[in-house]
Amino acid sequence: MKSLLLPPHPKERRIVFKNAWTQGYTPDIDCYLQHGGYEELKKAIVMKPGEIIDEVKKSNLRGRGGAAFPCGVKWGFIRHDDGKPHYITCNGDESEPGTFKDRYILHNDPHQLLEGMAIAAFALNVHLAYIYIRCEFPKAAGIVTKAIEEARARGFLGKNILGSGFDLEIYVHQGAGAYICGEETSLIESIEGKRPYPRIKPPYFPAVLGLYMSPTIVNNVETFCHVKQIFKLGSEEYANMGTPGDGGTRVMCVSGDVMRPGPYEIPVGGVTMGELINDVCGGLKPGRTLKAIIPGGSSSKIMRAGEVYKIKVKGPDGEMIDKEVPLLDLPMDAASLAAAGTMIGSGGVIVMDDSRNMLWALNNLNTFYAHESCGQCTPCREGVLWIDKMTTRMVKGDGIAQDPTTLKNVADNIAGRTVCAFGEAASWPVQSFLQKFPEEFEVAAK
Amino acid sequence: MDKHVAPTSVSEQANQIPADLLLRIDEAVTHYPVSKRSASLPLLHLWQNHFGFIDDSGVNWIAKRLELEPINILELVTFYPWFRQQAAGKVCIRVCRTLSCALAGSFEVRDAFCKAAGIDPKAESHGHTPPVSADGKFSVEFVECLASCGSAPVALIDDDLVEDITPEGTATILSQYN
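Top line first, the protein sequences correspond to chains E and Y.
Each residue of the first sequence is one higher than the one before, starting from 1 at the first, in this note's numbering.
Each residue of the second sequence is one higher than the one before, starting from 1001 at the first, in this note's numbering.
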């Protein structure tokens, strides 16, 4: 990834990505220890578990997998002394189109992940944890497995970690090419060796009935790395880097029609959409103008160039006031993007310029969702196939007049009628593309 | 041996398990102290990595090893796109099909890989059984997002991620796997 070999952009602050892109940094434990490795585990393991969870709460860390749920709140659902076994599963199934950040952590800095997981495990009374790595990262599975062996040999994992009496085993579990396994209950079913059909919530919230029907915390790779950084910087400094309620840094993955695509680690809300695209990523290709942005992975609702959104910002007296903000001035944080009717999701920003056809782009995504629906719920299993068939035929010039209406109708009848959020993930692109670019669909529907 | 009974097929994978594969299978099962069934996916991976695909004897063998019914294993093989019931190429070329790679030309790259490998680019190649070149050397298929959108278009060739591919560069890339 070429952009990472450049020095950090002034808007960037690499903390999770710091080691991974240091010249000469290698993924072995000696290199990690020379860079302050496992110092935060040493601090945490003499704390009380409740104090660790409080620190994570105070940091305002939100999950980096897509839902942006407050991490400390999630951890708080686990009752330390309920007498049940607890588990952690790390979600390294990175497969939301447009997202490419965890791969660099897994390949270049695996011990940072292990240290974050060990801190979490100690806080949550977990003695067995799995790292779910998609099998399309075969080298990452080998690198992380080796890192686990190294950490065991040095007493950072295994029995009686650092003389504390606390035990933890971590194993790598490889996926097998299914996007649905990034859904947390599907991931759990996959580790249980079953077809990964998502479980219905309630009652199957992982923190209550997770892996092997026991309380389980599922966090993304990047999220666990932030845990380590919270204890390095202190929860207050970490929280202050971000916006109220959304602390720290976040890796924004920019791809598509920009000059310097790449993953950029930026304080939460520290750039606007325009600064991210035009400043950090070097702008669009010569002679091109912006057409559309998918801001948070392929499932997030698309935004059209020139749109203006009403969001809440901090006023002169420190109070939150309503303000109209154009697309390119929108701060990149979870609350602002939610107020703009979309989401920051997994941080995968896909930029499209005026050379792109929106029907073609939507059809590409529809084929993705048709391929990846697990088939458990009828509205999704049937609906995504019909959506894909319709846009495929429209792209070929065989569209009919009622296609846009039927497309919307089918999407509206998937969203909200499925066990997991895949139904929404597949419907939102259809609904938002149709709403934002109706003229391109009308042209194809004769 | 009764001459009238067809010999049990020595070609069945379950009759050809080498000792080191057995050791790795035993090791994988120890990673799941709570439930042996959890070792289904790891065992399928080990099996496919060794044999290239998973035949019926493999499904039965793994089921027996984990004290499951064969359907518990077969339903995984048919669900997960990664698993195969027929051999693919000796070198597997998986080109990313999804949006960021498509924007950067992955369809042209897929076609160019097909031509360089001697495979008809029109062959359906988005499922469990990709088209294979006549010499059995290469298979070319589309897969969904490989999570390297910033260096699109990309392909996974065996275990190697190849980035920033151009159609013109595909023949040179393939020559490194000859």
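If you are wondering where the hints come from, they were derived from the structure by calculation, not from laboratory data.
Careful, some of the hints might be misleading.
Straight-line C-alpha distance at most 27 Å; calculated DSSO-like pairs for lysine-lysine [to be verified]:
1. E:K285 to E:K314
2. E:K11 to E:K58
3. E:K48 to E:K159
4. Y:K1036 to E:K194
5. E:K201 to Y:K1090
6. Y:K1036 to E:K146
7. E:K57 to E:K201
8. Y:K1122 to E:K396
9. E:K57 to E:K84
10. E:K446 to E:K58
11. E:K408 to E:K396
12. E:K11 to E:K57
13. Y:K1122 to E:K159
14. E:K43 to E:K159
15. E:K232 to E:K146
16. Y:K1115 to Y:K1137
17. Y:K1036 to E:K139
18. E:K11 to E:K42
19. E:K139 to Y:K1122
20. E:K57 to E:K312
21. Y:K1137 to E:K139
22. E:K146 to E:K159
23. E:K42 to E:K232
24. E:K436 to E:K389
25. Y:K1137 to E:K194
26. Y:K1090 to Y:K1036
27. Y:K1115 to Y:K1090
28. Y:K1064 to E:K396
29. E:K389 to Y:K1090
30. E:K194 to E:K84
31. E:K42 to E:K146
32. Y:K1036 to E:K84
33. E:K57 to E:K43
34. E:K312 to E:K323
35. E:K232 to E:K84
Treat the numbers as computed from the prediction; the structure is a model and nothing was measured.
Please write out, lowest number first, the hints stated earlier that are contradicted by the structure.
-> Of the numbered hints given earlier, those the structure breaks are 1, 5, 10, 13, 18, 19, 25, 26, 28, 29, 35, listed in rising order.
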